[in-house]
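> Residue numbers (the UniProt record's numbering), protein chains in the order written: chain V, 1 to 260; chain G, 1 to 260; chain Y, 1 to 260; chain Z, 1 to 260.
Mixed in with the good hints there might be a few duds.
[What the hints assert, rightly or not] So the derived list for chain Z, only partly shown, Cβ under 10 Å to chain G, looks like this:
#1 GLY187
#2 ASN190
#3 PRO223
#4 ILE229
#5 ALA232
These aren't lab readings, by the way, just hints derived from the structure by calculation. Owing to the predicted nature of the structure, the values given are computational and were not obtained by experimental measurement. Beta carbons are placed, not taken as given, at the ideal position from N, Cα and C, and that holds for glycine.
Number of protein chains: 4
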Amino acid sequence: MPIRTLVWGENVHEQKNKVVADNYPEGMHNQIARLLAKDSNISVKTTTLQAPEHGCTEEALAETDVLVWWGHAAHGEVKDEIVERVAKHVWQGMGLIVLHSGHFSKIFKRLMGSPCALSWREAGERERLWVVNPGHPIAKGLPAYFELEMEEMYGEPFSVPEPLETVFVSWFQGGEVFRSGLTYRRGTGNIFYFRPGHETYPTYHDETVGQVLRNAVTWAHNPNRFASITDAPNVPVDKAIEKIEERGPRLHQHGEAGFR
Amino acid sequence: MPIRTLVWGENVHEQKNKVVADNYPEGMHNQIARLLAKDSNISVKTTTLQAPEHGCTEEALAETDVLVWWGHAAHGEVKDEIVERVAKHVWQGMGLIVLHSGHFSKIFKRLMGSPCALSWREAGERERLWVVNPGHPIAKGLPAYFELEMEEMYGEPFSVPEPLETVFVSWFQGGEVFRSGLTYRRGTGNIFYFRPGHETYPTYHDETVGQVLRNAVTWAHNPNRFASITDAPNVPVDKAIEKIEERGPRLHQHGEAGFR
Amino acid sequence: MPIRTLVWGENVHEQKNKVVADNYPEGMHNQIARLLAKDSNISVKTTTLQAPEHGCTEEALAETDVLVWWGHAAHGEVKDEIVERVAKHVWQGMGLIVLHSGHFSKIFKRLMGSPCALSWREAGERERLWVVNPGHPIAKGLPAYFELEMEEMYGEPFSVPEPLETVFVSWFQGGEVFRSGLTYRRGTGNIFYFRPGHETYPTYHDETVGQVLRNAVTWAHNPNRFASITDAPNVPVDKAIEKIEERGPRLHQHGEAGFR
Amino acid sequence: MPIRTLVWGENVHEQKNKVVADNYPEGMHNQIARLLAKDSNISVKTTTLQAPEHGCTEEALAETDVLVWWGHAAHGEVKDEIVERVAKHVWQGMGLIVLHSGHFSKIFKRLMGSPCALSWREAGERERLWVVNPGHPIAKGLPAYFELEMEEMYGEPFSVPEPLETVFVSWFQGGEVFRSGLTYRRGTGNIFYFRPGHETYPTYHDETVGQVLRNAVTWAHNPNRFASITDAPNVPVDKAIEKIEERGPRLHQHGEAGFR
Numbered sequence: 001m002p003i004r005t006l007v008w009g010e011n012v013h014e015q016k017n018k019v020v021a022d023n024y025p026e027g028m029h030n031q032i033a034r035l036l037a038k039d040s041n042i043s044v045k046t047t048t049l050q051a052p053e054h055g056c057t058e059e060a061l062a063e064t065d066v067l068v069w070w071g072h073a074a075h076g077e078v079k080d081e082i083v084e085r086v087a088k089h090v091w092q093g094m095g096l097i098v099l100h101s102g103h104f105s106k107i108f109k110r111l112m113g114s115p116c117a118l119s120w121r122e123a124g125e126r127e128r129l130w131v132v133n134p135g136h137p138i139a140k141g142l143p144a145y146f147e148l149e150m151e152e153m154y155g156e157p158f159s160v161p162e163p164l165e166t167v168f169v170s171w172f173q174g175g176e177v178f179r180s181g182l183t184y185r186r187g188t189g190n191i192f193y194f195r196p197g198h199e200t201y202p203t204y205h206d207e208t209v210g211q212v213l214r215n216a217v218t219w220a221h222n223p224n225r226f227a228s229i230t231d232a233p234n235v236p237v238d239k240a241i242e243k244i245e246e247r248g249p250r251l252h253q254h255g256e257a258g259f260r
Numbered sequence: 001m002p003i004r005t006l007v008w009g010e011n012v013h014e015q016k017n018k019v020v021a022d023n024y025p026e027g028m029h030n031q032i033a034r035l036l037a038k039d040s041n042i043s044v045k046t047t048t049l050q051a052p053e054h055g056c057t058e059e060a061l062a063e064t065d066v067l068v069w070w071g072h073a074a075h076g077e078v079k080d081e082i083v084e085r086v087a088k089h090v091w092q093g094m095g096l097i098v099l100h101s102g103h104f105s106k107i108f109k110r111l112m113g114s115p116c117a118l119s120w121r122e123a124g125e126r127e128r129l130w131v132v133n134p135g136h137p138i139a140k141g142l143p144a145y146f147e148l149e150m151e152e153m154y155g156e157p158f159s160v161p162e163p164l165e166t167v168f169v170s171w172f173q174g175g176e177v178f179r180s181g182l183t184y185r186r187g188t189g190n191i192f193y194f195r196p197g198h199e200t201y202p203t204y205h206d207e208t209v210g211q212v213l214r215n216a217v218t219w220a221h222n223p224n225r226f227a228s229i230t231d232a233p234n235v236p237v238d239k240a241i242e243k244i245e246e247r248g249p250r251l252h253q254h255g256e257a258g259f260r
Numbered sequence: 001m002p003i004r005t006l007v008w009g010e011n012v013h014e015q016k017n018k019v020v021a022d023n024y025p026e027g028m029h030n031q032i033a034r035l036l037a038k039d040s041n042i043s044v045k046t047t048t049l050q051a052p053e054h055g056c057t058e059e060a061l062a063e064t065d066v067l068v069w070w071g072h073a074a075h076g077e078v079k080d081e082i083v084e085r086v087a088k089h090v091w092q093g094m095g096l097i098v099l100h101s102g103h104f105s106k107i108f109k110r111l112m113g114s115p116c117a118l119s120w121r122e123a124g125e126r127e128r129l130w131v132v133n134p135g136h137p138i139a140k141g142l143p144a145y146f147e148l149e150m151e152e153m154y155g156e157p158f159s160v161p162e163p164l165e166t167v168f169v170s171w172f173q174g175g176e177v178f179r180s181g182l183t184y185r186r187g188t189g190n191i192f193y194f195r196p197g198h199e200t201y202p203t204y205h206d207e208t209v210g211q212v213l214r215n216a217v218t219w220a221h222n223p224n225r226f227a228s229i230t231d232a233p234n235v236p237v238d239k240a241i242e243k244i245e246e247r248g249p250r251l252h253q254h255g256e257a258g259f260r
Numbered sequence: 001m002p003i004r005t006l007v008w009g010e011n012v013h014e015q016k017n018k019v020v021a022d023n024y025p026e027g028m029h030n031q032i033a034r035l036l037a038k039d040s041n042i043s044v045k046t047t048t049l050q051a052p053e054h055g056c057t058e059e060a061l062a063e064t065d066v067l068v069w070w071g072h073a074a075h076g077e078v079k080d081e082i083v084e085r086v087a088k089h090v091w092q093g094m095g096l097i098v099l100h101s102g103h104f105s106k107i108f109k110r111l112m113g114s115p116c117a118l119s120w121r122e123a124g125e126r127e128r129l130w131v132v133n134p135g136h137p138i139a140k141g142l143p144a145y146f147e148l149e150m151e152e153m154y155g156e157p158f159s160v161p162e163p164l165e166t167v168f169v170s171w172f173q174g175g176e177v178f179r180s181g182l183t184y185r186r187g188t189g190n191i192f193y194f195r196p197g198h199e200t201y202p203t204y205h206d207e208t209v210g211q212v213l214r215n216a217v218t219w220a221h222n223p224n225r226f227a228s229i230t231d232a233p234n235v236p237v238d239k240a241i242e243k244i245e246e247r248g249p250r251l252h253q254h255g256e257a258g259f260r
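The task is simple: from the sequences and hints, build the whole structure.
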C-alpha cells in the first residue's frame with residue numbers, strides 16, 4: 001500500500017505576491033505534491049491553511065502516514081488546538097517533514113521544545129548542500145552535493161536540539177553554513193527538517209530536491225500507530241509481573257488515575 | 001563563585017497528607033536544598049508554587065544558575081506564562097533538573113516536545129539504579145548501583161526524545177525497567193531528568209540521591225547566558241561576510257523582521 | 001529483491017557440548033537462518049568459522065546485504081585480516097547484526113572502538129526485554145515486553161559508545177539491567193547489537209526473538225554500497241567548485257596522495 | 001589541582017621542511033603547549049614520536065589527564081602496542097584531543113571504528129568556523145564564528161560515527177563544508193576532534209584556536225580513572241543481589257573467566 005502523504009501549504013504568498021504566484025501558479029503545495037507523486041509508492045493529497053480546521057481534521061490525519069508542512073507568513077494563524085492535534089498524531093506515529101520557513105511553525109517549535117531560531121538573508125545567493133551522512137536513507141541516490149543557484153540564506157546557530165542524525169550541511173555564498181537536514185523522533189513519529197524552499201525562488205522545481213523529499217517521506221513512514229503513547233497507565237499491585245507485596249503508605253486509591 | 005541554585009517545590013502534599021508532612025516536615029524543597037547545600041560550591045534558595053509568580057519572577061530566574069523542579073499534584077496550577085518564562089531562561093543557559101513526577105510538569109513537557117508518559121505503580125517496592133555511563137560527570141563518585149528500598153515504580157516506554165546520554169537505568173522488584181537518568185540540551189541550557197523521589201517515601205533523605213543531585217547541578221551549570229538565542233536576525237546583503245550581489249526577487253524590505 | 005543475509009556461526013560448542021548439540025542439532029547458525037527465512041523478503045545463507053576464510057571471502061561479502069554474527073568460544077581464532085575485510089564491507093554499506101556473546105567478537109570491538117565489556121552470570125535466570133522505543137523499526141509488531149525464561153545474565157555497565165538509539169532494556173531476575181538492543185552506524189553500514197542468545201538455552205527457538213531478528217535485518221539493509229567511503233581524495237585547486245587562487249606554501253606536490 | 005596535559009607532536013615536518021620549521025621553530029607541540037599554558041588550571045608537558053615508546057609510557061599516561069595529539073606524515077610509525085596502550089588509558093578516563101591530520105592517526109581510527117576519511121585541498125584558502133552549539137563548554141567565550149585566513153580544506157563526508165554533539169561547522173572558500181568540532185566518549189574517556197592545524201600555516205599562533213584548545217582540555221578532563229572498565233567479571237550465583245536458584249545447564253565452571 002502506498003504511503004499516504006498530505007502536503008500542507010500555507011497558500012498565502014501565492015495569492016498576494018506576483019513572483020510567488022508566477023513561480024507556483026497552482027500553489028506551492030501542489031508543486032510539492034507533484035514532486036512526491038513521481039514515486040509510485042507515495043500517494044499524495046494536499047490541503048491548506050484556509051481549509052476548515054486547516055485541513056487537519058481528525059479524519060484527515062488518521063488517514064495520513066506522512067504530513068509535509070510548508071508555512072511562512074501565517075504561522076500565527078494556525079490554531080493552537082490544531083497544532084496539538086497534529087502533535088498528537090506525530091507522537092502516535094505519523095511522520096512529519098518540515099520545510100524551510102517551517103522552522104518557525106508552531107508545530108515544529110512545539111515538537112522541538114527549543115527556539116528554532118537562525119539568522120537569514122534574502123539575496124538570491126548560491127546554496128550548496130553537502131551530504132554528510134551518505135548511508136542515511138534520506139541521502140539515497142544523491143550525489144556528493146547539489147546546488148541551488150538562488151536561495152535564501154539561513155545561518156547558524158540553529159537553536160534546535162541535537163538531532164538523531166545530521167544528513168545535510170549547507171554552504172552559502174555569503175559565508176555561512178547551516179545544518180540543512182536533521183532527523184528526530186518524538187513519541188513514535190519520525191520528523192525530518194529540510195532547509196531549502198524560499199517561495200520567491202524555483203526550489204520546488206528542482207529534481208534533486210524532489211528526490212530528497214521522496215526519500216524523506218519513505219524514511220518517515222511508520223506503518224504502525226501507537227494510540228497509547230500518551231497514556232500513563234497504573235499497573236495494579238496484584239498485576240505486577242513479578243509478585244510483590246504492597247508496602248508503606250500511598251497517595252493514590254487503587255484504580256485512581258495519576259496527576260497530570 | 002558558587003552555583004546559584006533554586007529549588008522549586010510544589011508544596012501541596014506536605015500540607016495535606018500526614019505521611020508526606022511527617023516525611024518532610026519543612027517541605028520537600030527544603031530537604032532537597034539541604035542535600036545540595038552539602039556542596040560548598042552550591043548556594044541554594046527555595047521557592048514554591050504558592051509564592052507570587054510561583055517564585056519564578058524574571059529577577060529570581062536571572063539570578064539562578066540551575067533550577068531544580070519537583071511537582072506532582074498541581075502541575076495544572078502552574079501558569080502557562082511562567083512556564084514560558086522558565087523555558088526562555090533554560091534556552092538562554094539556565095540549567096534545569098526535573099525530578100520524579102516532574103516528568104508530567106508543564107515545563108518538562110514544554111521542553112521535550114513529547115508526551116513524557118510512562119506506566120506506574122505505588123507499592124513501596126525496591127528500586128535499584130545502575131550506572132550505565134560511569135564516566136559521565138553526573139555519576140562521579142557513585143558505586144556501580146544504589147538501591148532505594150521503597151519507591152514508586154515507573155515503567156517503560158518513557159515517551160521522551162532519545163537523550164544526549166543515558167546515565168542511569170532502574171530495575172524494579174515488580175519486573176519493570178526505566179531509564180532513570182537522562183541528559184538533554186535545549187537552546188544553551190542543560191537539562192537532567194532524575195526518576196526517584198515519590199513523596200510518601202524517604203528518598204530525599206538518601207545520601208546517594210543527594211550526591212546525584214549535587215553532581216547534576218554541577219554538570220548543568222552553564223556559566224554564560226545567551227540572551228540572543230531566541231533572536232532571528234536578518235543579515236543585510238551589504239554586511240555579508242563574503243561579498244555577494246543581491247539577485248532575484250525578494251519578499252522582505254530591507255531591515256524588515258522575519259515572520260514568526 | 002530479497003535481502004541477502006549471511007548467518008555466521010562459530011559452530012564450536014555445537015560440536016563439543018552435548019547440551020548445545022541437543023539444543024541446536026544443525027548448529028545455531030542454521031536455526032537462526034530458519035528464523036530469518038520466515039520472512040519472504042529475506043534470503044538466507046549460512047557459513048561458519050571452519051569454512052575457508054571463515055566463509056567471509058570478498059565474493060561472499062560482496063553478495064551479502066546483512067551479516068548476522070554469533071561467536072563465543074573462538075573469538076581469538078578469527079583472523080585479523082578477515083575482521084578488517086568485514087569492517088570494510090560494513091563501512092561500505094553491509095548491515096551487521098551482532099548477537100549475544102558477539103559483544104566480545106573482534107569485529108564488534110573493531111567497529112565500536114571501546115572495550116565492549118559487561119558483567120555476567122550463567123544461572124538460567126529469567127530475562128524480560130522491555131521495548132523502550134516502540135516506534136523504532138526493530139520493535140515493529142512486538143508486545144510491550146517479552147520474556148526468556150532461562151538466559152545468561154549480562155549486566156551494566158556495557159562499555160560501548162552511546163548508541164544512535166536504544167531499542168530494548170532487559171530486566172534480570174537476579175537484580176541487573178542491560179541495554180539489550182542498540183543501534184549504530186559505521187561508515188554507511190547499519191549495526192544492531194542484540195543481547196539474548198546463550199547457547200545452552202533455547203533462545204533461538206523463541207518466536208519473538210525471531211521477529212526481532214527479522215526486523216533487525218530489514219532495518220539494517222542499505223540497498224547501496226559506497227566503495228569510496230574509505231577514500232581520501234585530493235581536490236585539485238583548479239577543480240575547486242568555487243574558483244580560488246592557490247596561496248602560501250604547501251607540503252604536497254599536485255596529485256600526490258595524502259599521508260595515512 | 002591543574003589538569004595535567006600532555007601534548008604529543010609527531011615532530012617530523014618541523015625537522016624536514018623549512019616552511020614548517022620557520023612556522024614552529026620549537027616544534028608544533030611546544031607551540032600548542034604554549035597556547036594551553038595560558039590557562040593557569042592547565043599544566044602542560046610535551047613529548048614526540050621520537051621519544052622512547054613515543055613518550056607514551058605507562059608512567060607518562062598514568063600522570064596524564066588529557067592527551068593532545070598532532071600527527072600527519074608518520075602515522076604508520078606509531079607502534080600498534082602504544083596505540084593499544086593509549087586506547088586503554090582513554091577507556092579508563094584519560095581525555096583525548098585529536099587535531100587536524102590526526103583524523104588518520106592510528107589512535108583516532110582505533111577509537112572511532114570507522115574510516116575517518118575526508119576530501120582535502122592544500123591551497124591556503126579561507127576557513128570560517130561557525131559555532132553551532134553555543135552552550136557547549138568547548139564554545140565558551142567564543143564569538144559567533146572565527147576565521148583562519150589560510151588553511152587546508154577538509155571536505156565532507158567525514159566518515160566518523162555520529163558524534164555526541166557537533167560544536168563547529170566550517171565554511172571553505174572553495175565551496176566545501178566540514179564538521180570541525182565533534183565530541184565522543186569511549187569507555188569513560190572524553191574525545192574531541194578539532195579540524196584546523198595544517199603545519200604550513202600559522203594556525204597554532206591564532207588566539208581563538210588557543211581558546212578552543214583550552215576549553216577542550218577543560219571539557220575532556222575526567223577527574224576519575226576507571227581501571228575496571230575493561231573487566232568482564234563473573235557474578236557468582238550465590239552473590240546475586242536478588243536471591244536466585246541456578247537452573248538449567250551451563251558452559252562455565254564456577255569462577256571460570258569468560259571467553260574473549
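> Against this structure, judge whether each hint is valid.
Going through the hints against the structure:
no.	hint	verdict
1	GLY187	7 Å, holds
2	ASN190	7 Å, holds
3	PRO223	7 Å, holds
4	ILE229	7 Å, holds
5	ALA232	14 Å, violated
Of the numbered hints listed earlier, the single one contradicted by the structure is hint 5.
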